[in-house]
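**Student:** Start from the sequences, fold in the hints, and give me the full structure.
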Amino acid sequence: MSAATRPPKITRLRPRRAVSAESLKQALDPHREEALGKAYDARLIRRLWGFIRPYRGIFWLSVICLPLNATCMLTQPYLLKLAIDGYVTAGDASGLGRIGLFYVAAIIGECTFFYAQYYLTMLVAQRSLADLRVQVFAHVQRLPMSYFDRNPIGRLVTRLTSDVDVLNEMFAAGAMTIFMDVLTMAGIVLIMVSIDARLALASLVVMPVLVLGINFFRLAARRTYREIRERIARLNAYLQEALSGMMIVQLFARERRCFDEFDELNDDHREANHWSNIYEAALFSMVEALASISGAIMVWYASGDILAGVIAFGTLVAFLEYIQRFFIPIREFSTKYAVMQSAMASAERVFQLLDTPPAIASPVPAYAPASMRGTIEFDHVWFAYKGEDYVLRDVSFTVNAGEKIAIVGATGSGKTSLIKLLSRFYDVSRGAVRVDGVDVREWDLQALRRRIGVVLQDVFLFSGDVAGNISLGRPEVTTATIEAVARRVNAWDFIQNLPGKLDEKLRERGSNLSTGQRQLLAFARALAYDPAILVLDEATSSVDTETEMLIQDALTTLMRDRTALVIAHRLSTIEHSDRIVVLHHGVVREIGSHLELIAMRGIYHRLYELQYALADDTAAAS
Amino acid sequence: MQRLWSYMIRYRGRYAIGLVCLLATGSLAMAVPYLLKRAVDTIAAGGSQATVGWLAVSIVAIALTQSIVRTCSRFLIFNVGRDIEYDLRNDLFAHLERLPLAYYQTQQTGDLMSRLVNDITAVRLLLGVGFLNLINTPIYYLWAVPIMASMDWRLTLASLVPYPLVLLVVKRTSRQLMERTLKTQEGLAAMSSRVQENLSGIHVVQAYVREQAEVAAFARLNADFSAQNMALAKVRGIIMPVMRAVSTLGTLVVLWLGGLRVIAGELSLGDLVAFIGYLHILAWPTMALGWMLSILQRGRAALQRLETIFQAVPAIDDRLAAPLSEPLRGAITFRDVDFAYDTKPTPRRVLRDVDLTLPAGATLAVVGRTGSGKTSLVQLLPRLFEATSGGVEIDGRDVRTLPLATLRSAIGYVPQDPFLFSRSIRDNIRFGAPEADDASVCRVAGIAALDRDIAELPRGYDTVVGERGITLSGGQKQRVTLARALLVDPTILILDDALSSVDTETERRILSELRGVMHERTSILIAHRISTVMAADVIVVLDQGRVVEIGDHQELLARDGFYADLFRRQRLAEELEAL
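Chains as they are written, first to last, in the numbering used here: chain E, 6 to 627; chain W, -19 to 559.
Each hint should be verified, as a subset may be incorrect.
[To be verified] Below 35 Å or equal to it, Euclidean Cα-Cα: the simulated DSBU-like pairs (lysine-lysine) are:
#1 E:K409 with E:K506
#2 W:K163 with E:K506
#3 W:K163 with E:K510
#4 E:K510 with E:K425
#5 E:K341 with W:K163
#6 W:K163 with E:K43
#7 W:K214 with E:K341
#8 E:K425 with E:K391
#9 E:K341 with W:K151
#10 W:K163 with E:K409
It is worth saying that the hints were derived from the structure and are not from the lab.
**Tutor:** Listed below in structure tokens is the structure:
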């Protein structure tokens, strides 16, 4: 064995429980389960029913198949009884063939109805779960930005994919038929009782033990299954993070400690699984044993009756078969229980997401004019992301149509928050933001956003081609338009140099483009949108001088003939603006042109000096 | 498979006990139909109920014993499966920790994750339930068939005819099952990445009113996924009915042929009952075997994929390293360094003939356009990558001769992309020095100008930053990574454009605080702002991987090259504004 194939020895050296990382585990929990791991929750089932309802025709058809399937299955032992009593023990071979044919028919019926039932159930499941996914997805599209601030994307992706898939598994594993299983078992008891009540009682004398055993299992497994789910989620979350941050782990020589942490999570997961294996093995073995014991008791009891001539042999054989069949669903109980339990936990989480109100939505009736002039008014605006922690205080200023406003201020002065209020990514806490004299909360949300073009600092590109990233898939944006806007924002040259030109596929987040190129694409996107108001958060990240010139030039083009609200970092941008709004700790401190503000010798002057002084200061030190 | 053996051998003791238990379970199972036969024959012969009673008691005793050994066999073997899963996962993690950065640049985290999750599961199934059934089924057949044959060999043959069919059908369908399962997994993955992207860009989607188009695009993927699921369901639904049909078919054969033979007096009624019993017993193991054959296939494939991870060689060889007698002082030399990324088909050269010397305690600034090789240059120091030719030396010793842990703990690296872990701010800052006390944490947080931000957070240093630091701003994240690097008290401090998202005022505050720290150690700054780099002892301008200018601020200004140009442009902008 070469060095590369030998498992590293490190596993053998671990100090047990070296890291007691309760806080780590809490931080890693992507979806803690608040519920106690119920396997059945009427409230959730009712909500699921809402999605099944549109397909209730197929659903009921599948439900009808269940008793038909059960009937065919339960006929078989009875046919055995008839065959043995009527022909075998009577020494009459004539009718055996006929009964055999009935038996074959019963088998075919059983299988057909089983398959039909499964197929139809899955059809309903696929349709209703597809509806559920689309509904959740559409719902998420409408959630306000504040929601995405608090919830990591990975978690939302899980809701839409894995969690819904667990519900799918509930149907696929036949867990829904757990209720029908109970009916089948009741049917078996009924048939046995109708054949011979006392013998039936003897056969089922082990029932209390079975019920106790299942109940014990249910209680023990409830916690364990929940732990397994939580622990595997934690383990994978840790792994994912370690893989993404492996450079940091290695740089800080943290391998050993990370390994220990991973080992602990891994061990926790293993331990929970060990317990579930023990419970499941015990349950499985108990059910098998009870089936045999039940048969033995029945045979002993029946032997007296047969010897006394009260019942026939066929009854004994039929009972043996019925007992076998009675225990079949119970063998699958542990699997179905686990599936149901995680399905309930998933359903709970999915519905919780669906219940999150889209806090920002169009009012009824909404203001939706055909066009927008582009005046903006901030009227005593107060805004806090949470509680009373205001990031904007009593902000008031107006912007005329076509005016260009630069917003300046240190980090944390509230600049970004300010522009986010305009497109109603957030709602003000107090006061009002008005566009064309109408409160943005009275606007139709789509009409409002349709006329405001937003370019944020961190340019987001979708995977797909260059053209698609400019048009954003709007059919009205033609290739000619795309080319025209790309030219106007100086993006055409670099697009021409891409191997695929406009059809060039962008990698994840546009990683095959430079920062500057991404900026220019975002400008092209905004220009193609042709908004009445342009909202722009200038990128701070530095680019080379040539690109810098291209960007500045493009910016001028972009702002032409529209109202512009720009968080400016470049002095040239500030210079090109009509007025400057100086924000300081969420308060508008100064408004005016560059020269006016310099003359005021206030905060703007200080901000400006700072840039200058910094350079001077370090120059003196060298 | 060789690796698998080495794991299995570790648990040979428990496997052996499990095996014995399996054998006992199987053997005991055989007794039950036989005892039933005896009971039925006793009744048929007009024997006493007491005799039947004793037989029933024997069955109860056997069932109870069997339940114990069966429990043991199952949890022993399944738990070994979990143990090997645990070992395998740990070993993989330990191995992954040793793989170089270059490996992670060619692998997508998502792919690795799916291997670590799905493939390990496949291997575990192979070792647990797969192993159990591969052993179990032969045991059952080896017992049941001779017993049945001893009663009536022709009936045995006739009733077992459908069983090989079960094996074939189950094996074939389970292969289809797995292929289609894989398809749905891919469908799910496609949908996930779609959702992931949509949500990452939700601000663009909402700002440009693209919600409905996004829903429509999602609905298409969703419909594909549903169709894949339905295709899977069609196969999945077939297994149970086939299984039921074939096993009941066996019963039918026994009833019919066996019934005729009973009538003819060639077979007892008890034999008939026993036959039905044995067929019941064989039904499940037969089906399980078919299933296991595909689990075996899948497990082997999974194992091969995992093996490719194990085969990835840690590029860094620590064998040449000799321990140091005294701590590193931090003098840095780049000697004729060439570096190329090992891209296919042609390597991408990013550094050419770099010659640089930096005395201990000095400050080096690196400027240059994006893609000029700045980051690659500094990444050679902690050996995130290795020079293709030439040498990188610290205190005159080639970094390749230094023990990796010593080398890396001497370097505080603040990367361009501020990666944080979803833990508390305190734990993130202490990432490289987990034992550091709160006073030191506060001190470095102060230098990184984090103290005020942290005071405003709800739980202060205990605030959990969320996945990748979601709750922090870009500037805050960068400052946490700076504090993290400072806390290890590095001999060499590297800031790779690490203050790009920090505003000017805060940057000034940080730089003036850092000046004190930088005096004591060798520092390398990569930056775009002249104000950041002009105070450095040595400034290097990189262009297409070459050092094109080198010197201090004044010298470079005098050279009137790229640096002087950059300086003039930034000054010009400022002076224009000063008008």
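**Student:** Find the hints from earlier in the document that the structure breaks and name them by number, from lowest to highest.
**Tutor:** Violated hint (a single one): 10; every other hint is consistent with the structure.
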